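Q: Make the full structure from the sequences, and use the hints.
Residue numbers (the numbering used here): 1 to 270.
Don't read these hints as lab results, they were simulated from the structure.
Any given hint might turn out to be false.
Unchecked claim - Okay, derived cross-link-like pairs now, EDC-like style, lysine to aspartate or glutamate, Cα gap no bigger than 20 Å in a straight line:
1. Lys-265 with Asp-223
2. Lys-46 with Asp-69
3. Lys-121 with Asp-98
4. Lys-46 with Asp-61
5. Lys-265 with Glu-228
6. Lys-121 with Asp-247
7. Lys-36 with Asp-55
8. Lys-89 with Glu-35
9. Lys-36 with Glu-65
10. Lys-46 with Glu-35
11. Lys-89 with Asp-55
12. Lys-193 with Glu-228
13. Lys-205 with Glu-228
14. Lys-205 with Asp-194
15. Lys-265 with Asp-191
16. Lys-36 with Asp-61
17. Lys-193 with Asp-223
18. Lys-45 with Asp-69
19. Lys-205 with Asp-240
20. Lys-36 with Asp-69
21. Lys-89 with Asp-61
22. Lys-265 with Glu-230
23. Lys-45 with Glu-35
24. Lys-265 with Asp-247
25. Lys-46 with Glu-65
Said to hold, decoys possible - Distance windows between CB atoms, simulated:
26. Asn-88 with Gln-34: 31 to 39 Å
27. Lys-193 with Val-237: 22 to 30 Å
28. Glu-261 with Leu-239: 37 to 45 Å
29. Ala-92 with Gln-156: 27 to 35 Å
30. Ala-129 with Thr-208: 33 to 41 Å
Computed from a prediction, not measured in an experiment: that's the story for all the values here.
Glycine residues also receive a C-beta, built at the ideal position from the N, C-alpha and C atoms.
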Amino acid sequence: MRRWLICLLLIGLCSLWGINAPAFAQSDKVYISQEKLEQGDAIAKKAFQAANQGDFAQAEDYWTELIADFPSNPAVWSNRGNVRVIQNKLDAAIADFDQAIAITDQYADPYLNRGIAYELKQDWPHAIADYNRVLAIDPQDPVAYNNRGNAAAGQQRWQDALADYQQATAIAPDFSTARSNLALVTYQLGDRKDALQQVRNLVRKYPTFADVRAAITAILWVDGQQGEAESNWVAAVGLDPRYQNLDWVASIRRWPPAMVEALEKFLTLD
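A: Below, the structure is given as structure tokens:
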């Protein structure tokens, strides 16, 4: 479920910087002038702006500059790790998250983002360990539950994935990605009627969410409702044409096998 994981990384980009920089400087007994803090804040804003514009290499350079000036601030390490993940520099990103955690282990974000990096490497045990750590710090973190569900699904532990997606959606009912994941795993486990009802509800609530448009297409087609399936497919590919590529659906979006098979039947008119 890589596409959504990458998007979620950006949620953590603003964490810690500016709020905690003076505190960490003081903990190291290093005086940092107000002028230097203001300069750092300006560079951080440039880093956020570059990331928002998709220039992740430039954002990485800004965070590297901040690391040189504020090496004891875990946020600058964690944020550089984030933009490295987006560039698929996974080992370098993990090293940055390791450094952030070494400075302080009381914040959830570096664990969450390191878990994402491990997940992209398909290192499920390490990813799950990091998500567990996030939940030990914040038991109400819906992203950690969703992502742990993703890692469990990577191990084909569907019941565990289902439980985590249920918990994520219970905490955050409007977490559309977790709700889509819940519907997909429900289908994988054989409860196709419930899965169809879930995606119908999601299509009504999120009509421009390509994932559920593609999912309802596959489920309806196998259920013999070809006309409605085809109308949803037009919407799905209009929103995101990558759903026409089964390899992408299976290996990048990481739909469960039963859902991939259902979509393949639609694409091959089986």
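Q: It remains to establish, for every hint, whether it holds in the given structure.
A: Quick rundown of the hints versus the structure:
1. Lys-265 with Asp-223: 11 Å, holds
2. Lys-46 with Asp-69: 15 Å, holds
3. Lys-121 with Asp-98: 16 Å, holds
4. Lys-46 with Asp-61: 10 Å, holds
5. Lys-265 with Glu-228: Given pair Lys-265, Glu-228 holds - Cα atoms ~15 Å apart, limit 20 Å.
6. Lys-121 with Asp-247: 17 Å, holds
7. Lys-36 with Asp-55: 25 Å, violated
8. Lys-89 with Glu-35: 33 Å, violated
9. Lys-36 with Glu-65: 13 Å, holds
10. Lys-46 with Glu-35: Holds - the C-alpha atoms of Glu-35 and Lys-46 are around 17 Å apart, at most 20 Å.
11. Lys-89 with Asp-55: 15 Å, holds
12. Lys-193 with Glu-228: 16 Å, holds
13. Lys-205 with Glu-228: 17 Å, holds
14. Lys-205 with Asp-194: Holds. Lys-205 to Asp-194 sits at ~17 Å (cutoff 20 Å).
15. Lys-265 with Asp-191: Given pair Lys-265, Asp-191 holds - Cα atoms ~19 Å apart, limit 20 Å.
16. Lys-36 with Asp-61: Holds - the C-alpha atoms of Asp-61 and Lys-36 are around 18 Å apart, at most 20 Å.
17. Lys-193 with Asp-223: 10 Å, holds
18. Lys-45 with Asp-69: Within the cut-off at roughly 15 Å; holds.
19. Lys-205 with Asp-240: 18 Å, holds
20. Lys-36 with Asp-69: Cα-Cα ~9 Å, so holds.
21. Lys-89 with Asp-61: 14 Å, holds
22. Lys-265 with Glu-230: With a Cα-Cα distance of about 13 Å, the restraint between Lys-265 and Glu-230 holds, given a limit of 20 Å.
23. Lys-45 with Glu-35: 15 Å, holds
24. Lys-265 with Asp-247: Within the cut-off at roughly 14 Å; holds.
25. Lys-46 with Glu-65: Holds. Lys-46 to Glu-65 sits at ~11 Å (cutoff 20 Å).
26. Asn-88 with Gln-34: 31 to 39 Å: 38 Å, holds
27. Lys-193 with Val-237: 22 to 30 Å: Holds, at about 26 Å.
28. Glu-261 with Leu-239: 37 to 45 Å: Violated, at about 22 Å.
29. Ala-92 with Gln-156: 27 to 35 Å: 30 Å, holds
30. Ala-129 with Thr-208: 33 to 41 Å: Holds: the Cβ-Cβ distance is about 36 Å, inside 33 to 41 Å.
The structure fails to meet hints 7, 8, 28 from the earlier list, while all remaining hints are met.
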